[in-house]
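Residue numbers (this note's numbering), protein chains in the order written: chain A, 1 to 322; chain B, 1 to 322.
Since no wrong hints were added, every one of them can be taken at face value.
Note that the list lumps identical chains together, so a pair holds whenever it fits in one copy or between two copies.
Result set (DMTMM-like, lysine to aspartate or glutamate): computed pairs, CA atoms no more than 25 Å apart in a straight line: (1) Lys287 with Glu174; (2) Lys143 with Asp202; (3) Lys98 with Glu5; (4) Lys143 with Asp37; (5) Lys101 with Glu5; (6) Lys18 with Glu174; (7) Lys143 with Asp32; (8) Lys18 with Asp37; (9) Lys101 with Glu174; (10) Lys18 with Asp32; (11) Lys101 with Asp56; (12) Lys18 with Glu114; (13) Lys307 with Glu229; (14) Lys101 with Glu114; (15) Lys287 with Glu229; (16) Lys18 with Glu121.
Derived from the structure by calculation, the hints contain no laboratory data.
Listed below, chain by chain, are the residues.
Number of protein chains: 2
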Amino acid sequence: MKEFELISRLTRSLPTNKSVVVGAGDDCAVLDFGAPDRLVLFKTDAVVEGIHFAPDANPEQIGHKALARCLSDFAAMAGTPTAVLVTMALPEDADVQKIEKIYAGMSALARRFEVAIVGGETTTNPGRLLISVAAVGHAPRGKAVLRSGAEPGDALFVTGELGGSLMGKHLEFEPRLVEARWLAQHFSIHAMLDLSDGLAGDLRHILSASRVGAELMAPSIPISRAVREAARRRVSQSGEPQFVQAESHKTPLLAALSDGEDYELLFAVAARDSVPLLDAWKAEFPKLALTCIGRIIAGEGVHVRDKQGVRPLAAHGYEHFS
Amino acid sequence: MKEFELISRLTRSLPTNKSVVVGAGDDCAVLDFGAPDRLVLFKTDAVVEGIHFAPDANPEQIGHKALARCLSDFAAMAGTPTAVLVTMALPEDADVQKIEKIYAGMSALARRFEVAIVGGETTTNPGRLLISVAAVGHAPRGKAVLRSGAEPGDALFVTGELGGSLMGKHLEFEPRLVEARWLAQHFSIHAMLDLSDGLAGDLRHILSASRVGAELMAPSIPISRAVREAARRRVSQSGEPQFVQAESHKTPLLAALSDGEDYELLFAVAARDSVPLLDAWKAEFPKLALTCIGRIIAGEGVHVRDKQGVRPLAAHGYEHFS
Chain A
1 MKEFELISRL TRSLPTNKSV VVGAGDDCAV LDFGAPDRLV LFKTDAVVEG IHFAPDANPE
61 QIGHKALARC LSDFAAMAGT PTAVLVTMAL PEDADVQKIE KIYAGMSALA RRFEVAIVGG
121 ETTTNPGRLL ISVAAVGHAP RGKAVLRSGA EPGDALFVTG ELGGSLMGKH LEFEPRLVEA
181 RWLAQHFSIH AMLDLSDGLA GDLRHILSAS RVGAELMAPS IPISRAVREA ARRRVSQSGE
241 PQFVQAESHK TPLLAALSDG EDYELLFAVA ARDSVPLLDA WKAEFPKLAL TCIGRIIAGE
301 GVHVRDKQGV RPLAAHGYEH FS
Chain B
1 MKEFELISRL TRSLPTNKSV VVGAGDDCAV LDFGAPDRLV LFKTDAVVEG IHFAPDANPE
61 QIGHKALARC LSDFAAMAGT PTAVLVTMAL PEDADVQKIE KIYAGMSALA RRFEVAIVGG
121 ETTTNPGRLL ISVAAVGHAP RGKAVLRSGA EPGDALFVTG ELGGSLMGKH LEFEPRLVEA
181 RWLAQHFSIH AMLDLSDGLA GDLRHILSAS RVGAELMAPS IPISRAVREA ARRRVSQSGE
241 PQFVQAESHK TPLLAALSDG EDYELLFAVA ARDSVPLLDA WKAEFPKLAL TCIGRIIAGE
301 GVHVRDKQGV RPLAAHGYEH FS
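So that you can see chain A by itself, here it is in the shape it has in the complex (with noise of 0.2 Å):
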């Protein structure tokens, strides 16, 4: 059983109060605690050791690694994380210099977003160090950005750039929370989320909570640095690029709709907003691309528009793009 499907299942009757304004299936929980101008946000994410992140990878990146994660749900509402709880589940062999330098890691990036960090549990997990972080943080009352409200005929925007994260940016990403309240403040985002699983996959949720379907603008999505460079690698070192991609690699399109754990901003507007938007972001963020991907449709189902025309983008699987 994947594990949409067993989360799916696991959340359809879960007991709720009337705090709960926003339950499980968005990026965030959003409780009502009577504050007047604000709602709570509420979210936990965890990282485990051969999955996300290699035995031998920098503690101090596998550190900001299990913070950013939880702090990039909190952009993906265009909310402010307040502080968090950590748990670390650690192998007996535990090396405490290793823990230190993890807290570093988590340390610095919660300093640098006025994020505290109230609390550590350690228990054991003999065989690998599992790191949950529990956050909680607020928004401006009805400012929370959800995935549900993208509207057909809205434009599809993403921040950055897609594709190899596993490469290196997975160790080392800015959630993009202050790119999130920006865009909040400054214009009616209709939909939101941050990419962890892919933009083909990501998408879905967007869709699947709004009612709707997408078109993908396959030209226009933007291809990391890390997979043109691999991807001109593989020209360069191949008389024959088309058979070693097939053979071995994703092109660079599928790895951009694929790869996962991209921790960017895909966010839905009305059409008419696209211009200022992109021109008031420009002069606010010069250095972090914002791109016009595709558009929100009636329907269902994600489709990609190429020179070949439109097709569908299937829920499993890439055939057509690999």
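With chain A's structure known, arrange chain B on it following the hints.
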């Protein structure tokens, strides 16, 4: 390095911000999110297969325990848990039915205390099941009971009976949420926590946070039925009960002091409140024992009074009581 040493080293200089009222070191973190009448409480707790529950434990009880431990920390502050997020790190061969039963155990407890489960993350943890529960809740502003307010002369009370929890109670205990809130509403509770590591160890957390000592009255410490019956069985099975106990078992008193996982409340109140508190408690909670087990004294450390006099209880090891 022991868990407490490691945590104290890691939490020595954590990032903080102006929302933090109480950070690492109490039962829950306490945060000010701007609600006029209440503060936010925040806590995580993890249970690991083979450490906190046996691989063949009843799955509903595993779920119950995973959530109840976290809720018990809210009881320790006389707070109210509102919403939880559940992280399940699953071995590769995880049985979906077992996971659903674990969720059923959590959900039943959550419903009883009107706690919402607002999300579930699953990830992979080859080799063993790990469940981490993160919870947010609240306490009336200025009314969360900390560990740091005990004063010389205060009476020390404990709910229920202690020891032998691993014989069954640890999988089915009730967090003392109702009792704790009642206590804080009707009396000035100077310091409180929930007993997870055993009376002898946990009492020291109140003492060091409050910079005081304590004298326990050995004959008053309420020893659980499970411990008393186990001791009786050993006496009836052997003509040399002392020998048998010294050889393979703790004495009942030592079990009550050190077994851990009691999840009862330990608290300090002004001595003058002792009698009215006991009277009111009996009327309100006739089925749950409340026992005065000693008093707070100036100085430091735990001292135990029995018919031989007063002896210090060593921080590590209980030579005199085993």
